[in-house]
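**Q** Here is how the chains run, residue by residue.
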Amino acid sequence: GLFVWHLKNTGIRQVPCRFVHLCRVANDRLITFQYFNFLKRMYVTQYNKDLSQRAKPKSDSVASPFRELQQLDQGKKVIHKIRPISPVHQPLSETSSRNELREMKSAAETDESVTPVRAESKEDRQWKEMKLRLDDLPGVLARLSKIKLTALVVSTASAGFAMAPVPFDLTCFLLASLGTGLASCAANSINQFFEVPFDSNMNRTKNRPLVRGQISPLLAVCFAASCGVPGITLLTLGVNPLTGALGAFNIFLYTCCYTPMKRMSIANTWVGAVVGAIPPVMGWTAATGSLDAGALLLGGILYSWQFPHFNALSWGLREDYSRGGYCMMSVTHPGLCRRVALRHCLALIGLSTVAPVLNITTWTFPVISLPINLYISYLGFRFYRDADRSSSRKLFFCSLWHLPMLLLVMFTCKKSFLEKEDKGDLLGGNHGRAMEIRLP
Amino acid sequence: PPAHSRKDWIGPPDKHSNLRPVIFYVSPEESPLERRLREARQEAQACDQCFWARHNRAFHQEKEEFIYSRLKAKGLEVRDETGQKATLNAEEMADFYKDFLSKNFRKHMQYNRDWYKRNFTITFLMGQVALVRALRWLRWKKKNV
Numbered sequence: 001g002l003f004v005w006h007l008k009n010t011g012i013r014q015v016p017c018r019f020v021h022l023c024r025v026a027n028d029r030l031i032t033f034q035y036f037n038f039l040k041r042m043y044v045t046q047y048n049k050d051l052s053q054r055a056k057p058k059s060d061s062v063a064s065p066f067r068e069l070q071q072l073d074q075g076k077k078v079i080h081k082i083r084p085i086s087p088v089h090q091p092l093s094e095t096s097s098r099n100e101l102r103e104m105k106s107a108a109e110t111d112e113s114v115t116p117v118r119a120e121s122k123e124d125r126q127w128k129e130m131k132l133r134l135d136d137l138p139g140v141l142a143r144l145s146k147i148k149l150t151a152l153v154v155s156t157a158s159a160g161f162a163m164a165p166v167p168f169d170l171t172c173f174l175l176a177s178l179g180t181g182l183a184s185c186a187a188n189s190i191n192q193f194f195e196v197p198f199d200s201n202m203n204r205t206k207n208r209p210l211v212r213g214q215i216s217p218l219l220a221v222c223f224a225a226s227c228g229v230p231g232i233t234l235l236t237l238g239v240n241p242l243t244g245a246l247g248a249f250n251i252f253l254y255t256c257c258y259t260p261m262k263r264m265s266i267a268n269t270w271v272g273a274v275v276g277a278i279p280p281v282m283g284w285t286a287a288t289g290s291l292d293a294g295a296l297l298l299g300g301i302l303y304s305w306q307f308p309h310f311n312a313l314s315w316g317l318r319e320d321y322s323r324g325g326y327c328m329m330s331v332t333h334p335g336l337c338r339r340v341a342l343r344h345c346l347a348l349i350g351l352s353t354v355a356p357v358l359n360i361t362t363w364t365f366p367v368i369s370l371p372i373n374l375y376i377s378y379l380g381f382r383f384y385r386d387a388d389r390s391s392s393r394k395l396f397f398c399s400l401w402h403l404p405m406l407l408l409v410m411f412t413c414k415k416s417f418l419e420k421e422d423k424g425d426l427l428g429g430n431h432g433r434a435m436e437i438r439l440p
Numbered sequence: 001p002p003a004h005s006r007k008d009w010i011g012p013p014d015k016h017s018n019l020r021p022v023i024f025y026v027s028p029e030e031s032p033l034e035r036r037l038r039e040a041r042q043e044a045q046a047c048d049q050c051f052w053a054r055h056n057r058a059f060h061q062e063k064e065e066f067i068y069s070r071l072k073a074k075g076l077e078v079r080d081e082t083g084q085k086a087t088l089n090a091e092e093m094a095d096f097y098k099d100f101l102s103k104n105f106r107k108h109m110q111y112n113r114d115w116y117k118r119n120f121t122i123t124f125l126m127g128q129v130a131l132v133r134a135l136r137w138l139r140w141k142k143k144n145v
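Protein sequences appear in the order of chains W and B. Be aware that the first sequence starts at 1, since it is given in the working numbering, and climbs by one per residue. Be aware that the second sequence starts at 1, since it is given in the working numbering, and climbs by one per residue.
Among the hints, a few may not be true.
[Claimed, not checked] Incomplete in silico selection of chain B near chain W, CB under 8 Å:
1. 8
2. 9
3. 13
4. 59
5. 90
6. 94
7. 97
8. 100
9. 104
10. 115
11. 119
12. 122
13. 123
14. 130
Hint data in this document are derived by calculation from the structure and do not stem from the laboratory. Virtual Cβ for every residue (Gly too), placed ideally from N, Cα, C.
Isolated chain W (complex conformation) (with noise of 0.2 Å):
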């Protein structure tokens, strides 16, 4: 990943070491971003630094920042296998790239977050003509319909349907996330739609292709249309009306009501945090047919998850927030912002503590989970008292692993429907056979 890119970029070789010192003097924030923005280049295509909006499914961030952990990680990794090159066989190539990358690794982020900032700002200085290229489309509708985002809400989805007490239906799950993942793309559309001159004065927006000019509102509108329409009709007629009829809710909701919503009232985390809870409910519909308890639980689970996730992401996002005229509680309100998230780690312990009652999982999962869900809001308490960037970071890449491992988990530990069956299956049996004996 960082060591493919970086030799891709060998044009760009000579970063001064004059920039390095001045990002390393310059704001931690600025730091930050730059770092994020190169983490953002490490991506060949699109990317969606949706840090500064809320991070949930349906919604924004939720991929990009967990991708974007994952790659780094990766990136690491390459760095260290690189080192050990036995230094006999050094082409002049390989000297260079590797003191590239001696140099990357001493000056870290900093020296890393330059050379991409530096390339894309070139690259922004210029004007450009407004003609939509067929062979820049597929970049601009991957970032306008917030693919990754999309995968990450579909990916729940699917966690919803496996957990579904039934049979697996592979038809059915491939329709059903085909449907989400449509209706996805089309609720991100319209919000991006909706927030053009408010992502322009965002750094982690700006880049998205309506700011830019890559794409006109009409083509956006009409993209979002083509892909909720199918999408929609896919669920209802496909799958089942109960899941068609959810996903248009949370179309709406997530459109009209959550988009408005974010400038005029704080509220508007509570409505995120239902838009980023349906997905999975969908999941366990599209299976099951029906609205279960344990389709409720698993849309708590999410739902209560978004809270520390958003929360300690926006604690860091505050200067723009209120630049940008965003209600968010880390502007208007930062004790109930912190308290808010405290509340709902510990609320994750209890549903995980609920699921084996309602017969979705053994009673190991409450077991399992608890060392994962006592740290989250270990990190939770941190940040509730300390009230710091720092302890705001931890919570936000703690709520990236813990989620993935919640569901994971979850999934182990599912109840399988079989234990019940054949219980009933060996009275039944011998009820039957012993009917067998009597009735030649």
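Following the hints, complete the assembly by docking chain B onto the known chain W.
**A** Positioned in the frame of chain W, the structure of chain B alone reads:
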């Protein structure tokens, strides 16, 4: 943008408003509908530019004043020994952010309403223009076939 170009051109973000200016291409055969669209877009651009430039300038100015007053209250100078500008940390700035947001709330509400209205109008006009162009093209195709 080159003189012979027949497309709109979009530039780098403005220093104050962070919005990207667009230079619109005025076609000699511009229909009244297309002219309405272009004028709506120009007007919207001007409004947005004006609002955000003013708003961002006010933000930076008030932020400087806040930092200055806080530093004064603490008995510190604006620039320390090395000549670097002293800054407040995020927790101290939080009061300013909260204040600024609540002060500008009504302004944002008004802007939001205007922005949504303008956005919908422009997109709708774009749709009309696209439809008219498509019909014209179909008619031309039919004539030639």
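**Q** Should the interface hint for residue 100 (chain B) be scored as holding, given a Cβ-Cβ cut-off of 8 Å against chain W?
**A** The hint holds - residue 100 (chain B) has a Cβ within 8 Å of chain W, the shortest such distance being about 5 Å.
**Q** Per the CB criterion, is residue 122 (chain B) less than 8 Å away from chain W?
**A** holds (7 Å)
**Q** Close enough to count: is the Cβ of residue 97 (chain B) nearer than 8 Å to one in chain W?
**A** holds (4 Å)
**Q** Let me know if the C-beta of residue 104 (chain B) comes in closer than 8 Å to any C-beta of chain W, holds or violated.
**A** holds (6 Å)
**Q** Quick one, is the residue 130 (chain B) hint okay against chain W at 8 Å, beta carbons?
**A** Holds - the Cβ of residue 130 (chain B) comes within 8 Å of chain W, reaching about 6 Å at its closest.
**Q** The hint names residue 123 (chain B) as touching chain W; please verify it with the least Cβ-Cβ distance against 8 Å.
**A** holds (5 Å)
**Q** Let me know if the C-beta of residue 59 (chain B) comes in closer than 8 Å to any C-beta of chain W, holds or violated.
**A** Where the cut-off is 8 Å and the nearest Cβ of chain W is about 5 Å from residue 59 (chain B), the hint holds.
**Q** Taking 8 Å as the limit, does the beta-carbon of residue 115 (chain B) come near enough to a beta-carbon in chain W?
**A** Holds. Min distance 6 Å.
**Q** Can the hint on residue 90 (chain B) be confirmed by a CB-to-CB distance to chain W that is less than 8 Å?
**A** holds (6 Å)
**Q** Does the CB of residue 94 (chain B) sit less than 8 Å away from some CB of chain W?
**A** holds (6 Å)
**Q** Does residue 9 (chain B) pass the interface check with chain W, least Cβ-Cβ distance below 8 Å?
**A** Result: holds, 5 Å to nearest chain W Cβ.
**Q** Restraint: residue 13 (chain B) near chain W, CB-CB cut 8 Å. Satisfied or not?
**A** holds (7 Å)
Violated hints for the displayed structure: none, as all numbered hints are satisfied.
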